[in-house]
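Visitor: So you can see what is in the structure, the chains are spelled out below.
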Amino acid sequence: MLYFTRWRALGIILTALIVCLCAVPNFFPEAQVKTWPAWAQRRLVLGLDLQGGSYLLLEVDANYVKKEKLDQVRDDVRRSLREAKIGYTGLVTRGDTVEVRVKDTDLQAALTKLRDLSQPIGGLLGSGTQRDLDISDAGGGLIRLALSQPAMVERMRKTIEQSIQIVERRVNELGTVEPVIQRQGNDRILVQVPGLQDPTHLKELLGKTAKMEFRMVDTSVPPDQAQRGGLPPDSELLMSQSSPKVPYVVKKQVLVSGAELNDAQTGFDQRTNEPIVSFRFNSTGARKFSQATQENVGLPFAIVLDNEVISAPVIREPITGGQGQISGSFTVQSANDLAILMRAGALPAPLTVVEERTVGPGLGQDSIEKGELAAYVGSIMVIVFMLLTYRLFGVFANIAVAINVAMIFGLLSLLNATLTLPGIAGIVLTVGIAVDSNVLIYERIREELRGGRNAISAIDAGFKRALATILDSNITTFIAAAVLFYIGTGPVRGFAVTLGIGIITTVFTAFTLTRLIVAGWVRWKRPQSVPI
Amino acid sequence: MTHIVLIGLGILIAVLTVVSVFGWLPSLRIVPDDTHFDFTRFRRISFPISAALSIVAITLFFTHGLNFGIDFRGGTLLEVRAKSGTADIAAMRTTLDGLRLGEVQIQQIGGPADVLIRVAEQPGGDAAQQEAVQKVRTALGDAFEYRRVEVVGPRVSGELLAFGMLGLMLAIVSILIYLWFRFEWQFALGAMIANVHDIVLTIGFMSISQVDFDLTSIAALLTILGYSLNDTVVIYDRIREMLRRYKKMPMPQLLNESINSTLSRSIITHFTVTLALLALLLFGGHAIHSFTAVMMFGVVLVGTYTSIFIAAPILIYLGVGEHREDAKEEAPPAKKSKA
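As given, the protein sequences belong to chains A and B, one line each in that order. Be aware that the first sequence starts at 1, since it is given in the UniProt record's numbering, and climbs by one per residue. Be aware that the second sequence starts at 1, since it is given in the UniProt record's numbering, and climbs by one per residue.
Watch out, some of these pointers could steer you wrong.
Claimed, not checked - Here are the simulated lysine to aspartate or glutamate pairs, DMTMM-like style, with alpha carbons at most 20 Å apart:
#1 B:K83 x A:E68
#2 A:K370 x B:E241
#3 A:K158 x A:D198
#4 A:K208 x B:E131
#5 A:K252 x A:E168
#6 B:K135 x A:D198
#7 A:K245 x A:D224
#8 A:K252 x A:E68
#9 B:K83 x A:D366
#10 A:K464 x B:E241
What the hints assert, rightly or not - Distance ranges between label pairs, derived from CB positions:
#11 A:I18 x B:R155: 44 to 50 Å
#12 B:A51 x A:L10: 55 to 61 Å
#13 A:L10 x B:H64: 38 to 44 Å
What the hints assert, rightly or not - Sample of chain B residues at the chain A side, in silico, Cβ under 10 Å:
#14 I13
#15 R148
#16 G167
#17 L170
#18 I208
#19 V211
#20 L215
#21 L281
These aren't lab readings, by the way, just hints derived from the structure by calculation. In this text, all values refer to a predicted model and were calculated from it rather than measured experimentally. Quick reminder that beta carbons are idealized off the backbone N, C-alpha and C, glycines included.
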């Protein structure tokens with residue numbers, strides 16, 4: 001137990017040294033570390049609870065996604081049956097299905113026609129045999145089209161992917177440092193923005209679907225008459241975004257959609273000095289817009305965002321360049337937001353904030369200071385106690401524990417782990433565990449000495465017996481840490497990471513470094529008695 | 001101030017280190033070398049006490065319940081600091097009560113300027129929580145610094161609770177499986193009883209002290225579990241070793257010897273953990289206050305007691321060591337992998 005070959009001793013020391021050195025970048029300012037080679041840049045990341053910032057968990061509305069898909073199926077059914085000139089009644093969506101009733105004589109023709117609507121599901125789930133619609137004959141001429149489960153899953157997956165892209169674009173527009181945007185589970189998106197103190201604005205930006213449409217205003221009926229029920233079938237009544245809310249009668253047909261926008265910028269109107277948003281269409285959008293404005297000179301059109309009319313200017317002359325500008329009652333902020341939303345594009349489904357945690361920079365700084373102080377005081381008390389209890393061996397223990405803590409920081413940096421306040425607590429507790437491994441060894445040595453062994457044999461037996469116990473007891477704690485890591489999020493996970501890493505370094509130190517130190521002392525002193 | 005204390009302590013360490021290296025320091029023995037306490041006989045008192053305490057804890061859990069934090073109950077938590085230096089709690093209460101947001105708790109924390117506001121979960125889903133926090137922010141206005149804002153919607157809170165409980169179960173089961181492999185089933189069962197006892201008592205403590213029960217409490221519970229098991233495993237390890245060595249020793253005596261020979265270690269280790277926790281409790285700030293308070297109770301009070309007075313003596317009832325006479329007496333103890 002006390003004999004190490006030269007190479008092994010060197011290997012142990014080198015390993016410990018390299019792991020400790022990994023912690024070095026944390027002691028230099030971030031800007032300086034950035035100039036180092038990439039392999040040396042790994043460092044601890046402070047959690048949002050320590051550096052301040054916002055954590056938002058967004059949920060995609062699964063019901064909306066389903067409803068959209070069902071509406072689309074219903075429209076497809078209508079179109080196909082019309083194409084095939086099959087008469088139908090009662091085309092409705094009910095629950096997860098679309099139902100339509102046809103005459104018995106048309107049933108087979110209708111079924112054949114509708115089966116064409118069911119598409120094979122591609123992508124990850126694409127086994128080739130699965131289709132997105134289950135079409136069944138419910139009897140009595142009733143045809144039922146149900147969304148299959150895999151189709152729904154696939155649809156959600158695509159929706160989440162698209163949403164993440166849009167959310168990324170919108171968050172990046174805020175100009176924040178290193179935001180994190182991740183998918184979580186089946187229907188959620190995690191957004192972490194370090195340094196953001198007030199997420200109200202961010203939530204406003206993310207809370208808008210930003211479905212933008214350019215549509216004609218229906219001038220055939222005045223809005224108040226439409227409100228009383230005289231609404232033409234191909235138009236709908238929309239409210240203005242600005243308050244007081246003004247009603248508009250707007251045609252359902254979309255001239256150009258937001259997807260055909262190329263760019264949007266804010267600026268100021270040269271005459272009125274009001275904030276405006278100028279935009280540019282892509283080539284297809286420009287063509288459509290040019291054609292529409294040529295046909296409707298003198299008539300008003302509406303710029304609609306999420307079913308609210310932003311502005312309804314009159315077309316004075318055909319706009320052929322594919323460029324335009326929106327002026328309305330904007331503030332600089334609202335103009336800016338609109339430009340961001342137009343540039344980033346529309347979300348495929350609305351997002352709701354289901355969890356929000358924001359920590360201001362003041363509290364974060366306080367937490368760091370308190371955590372540090374607690375760590376110092378705790379360590380010092382433990383160090384003093386160990387010295388008083390074990391004297392020379394207490395010095396050995398303290399050296400081992402100090403290296404242990406340095407190695408924890410090294411490993412955490414190597415993993416680019418996030419340090420949270422519970423994480424600091426985890427490190428303090430690890431000091432407790434690390435000390436325990438030394439206590440186990442030393443108590444065992446004391447016991448073996450009492451049992452009548454000589455110094456070297458007692459030390460040897462003490463290590464041998466204690467190490468088995470250390471391994472067993474640490475594995476149980478490690479299992480608890482692993483479970484915490486698996487179930488935890490954010491700060492709790494930070495705690496689990498430091499605890500888990502602490503256990504690994506503790507076992508390593510106990511098995512190698514502590515032994516090496518004691519072995520070195522034994523070789524040097526050849527002690528007849530153990531001062532323990 | 002704190003710097004002076006730290007520097008002072010640093011100097012103390014340096015001096016002590018030098019003194020230790022030269023061996024001028026008398027060795028401190030917290031526990032005398034050869035103790036022979038009859039721990040197992042105490043089981044006739046400790047088992048009924050533990051049973052009674054567990055019943056009390058369970059009763060408390062069902063009558064007083066746990067003070068669920070927003071993680072599990074949903075709702076809003078705001079930590080604000082008055083820019084003026086002192087927060088007028090009464091005025092804040094009037095303002096916030098005027099918003100009609102249901103139950104609003106206002107509590108001073110730390111200094112006179114720091115206030116914790118809890119708003120109960122609003123009916124009407126996730127969007128309603130967002131509206132509530134916006135209303136509070138608008139009502140309190142710019143006179144406060146918003147140091148922490150947490151909003152947990154009803155769906156997330158339910159999931160967090162379910163997930164937390166699942167984690168606790170998962171941890172217990174996986175640790176047991178490990179113990180079952182390393183020891184024998186009696187040991188695993190004994191450890192499980194000790195475990196459940198720890199958790200029940202700690203939950204009773206949480207109920208009576210009404211500390212926030214949130215995600216960090218689950219973390220605290222799991223750590224208590226880990227520590228307590230750590231302790232139990234150390235004693236079990238020794239029991240296993242003794243079982244191999246002394247085939248004829250009666251079980252109560254064997255258990256006593258095992259506990260006594262590890263007693264010094266148990267006490268020293270718990271003392272150091274207590275020191276570390278004490279530092280966290282005193283200086284770590286209120287954000288981890290409930291976490292450390294729970295840990296202090298669980299690790300220091302319950303954990304130590306459990307491994308000595310419950311986990312070890314219960315092995316008698318579980319029939320450990322009953323069939324040792326059947327084992328070959330000549331077998332060399334070191335080479336046997338199982339007791």
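Visitor: Would you mind marking each hint as holding or not holding in the structure?
Guide: Each hint tested on the structure:
1. B:K83 x A:E68: violated (49 Å)
2. A:K370 x B:E241: Not satisfied, since the Cα-Cα distance of roughly 44 Å exceeds 20 Å.
3. A:K158 x A:D198: Judged against 20 Å, a Cα distance of about 30 Å means the pair is violated.
4. A:K208 x B:E131: holds (15 Å)
5. A:K252 x A:E168: Since the Cα atoms of A:K252 and A:E168 sit roughly 31 Å apart, the hinted pair is violated (cutoff 20 Å).
6. B:K135 x A:D198: Cα-Cα ~14 Å, so holds.
7. A:K245 x A:D224: Given that 20 Å is the threshold and the Cα spacing comes to 13 Å, the pair holds.
8. A:K252 x A:E68: holds (17 Å)
9. B:K83 x A:D366: Within the cut-off at roughly 16 Å; holds.
10. A:K464 x B:E241: holds (13 Å)
11. A:I18 x B:R155: 44 to 50 Å: This hint holds: roughly 46 Å between Cβ atoms.
12. B:A51 x A:L10: 55 to 61 Å: holds (56 Å)
13. A:L10 x B:H64: 38 to 44 Å: violated (60 Å)
14. I13: This interface hint holds because 5 Å falls under the 10 Å limit.
15. R148: holds (5 Å)
16. G167: holds (3 Å)
17. L170: This interface hint holds because 5 Å falls under the 10 Å limit.
18. I208: At about 23 Å, which exceeds the 10 Å cut-off, the nearest Cβ of chain A leaves the hint on B:I208 violated.
19. V211: Hint violated; B:V211 Cβ to chain A Cβ min 15 Å, cut 10 Å.
20. L215: This hint holds: B:L215 lies near chain A, its Cβ roughly 5 Å from the closest one there, short of 10 Å.
21. L281: This hint holds: B:L281 lies near chain A, its Cβ roughly 8 Å from the closest one there, short of 10 Å.
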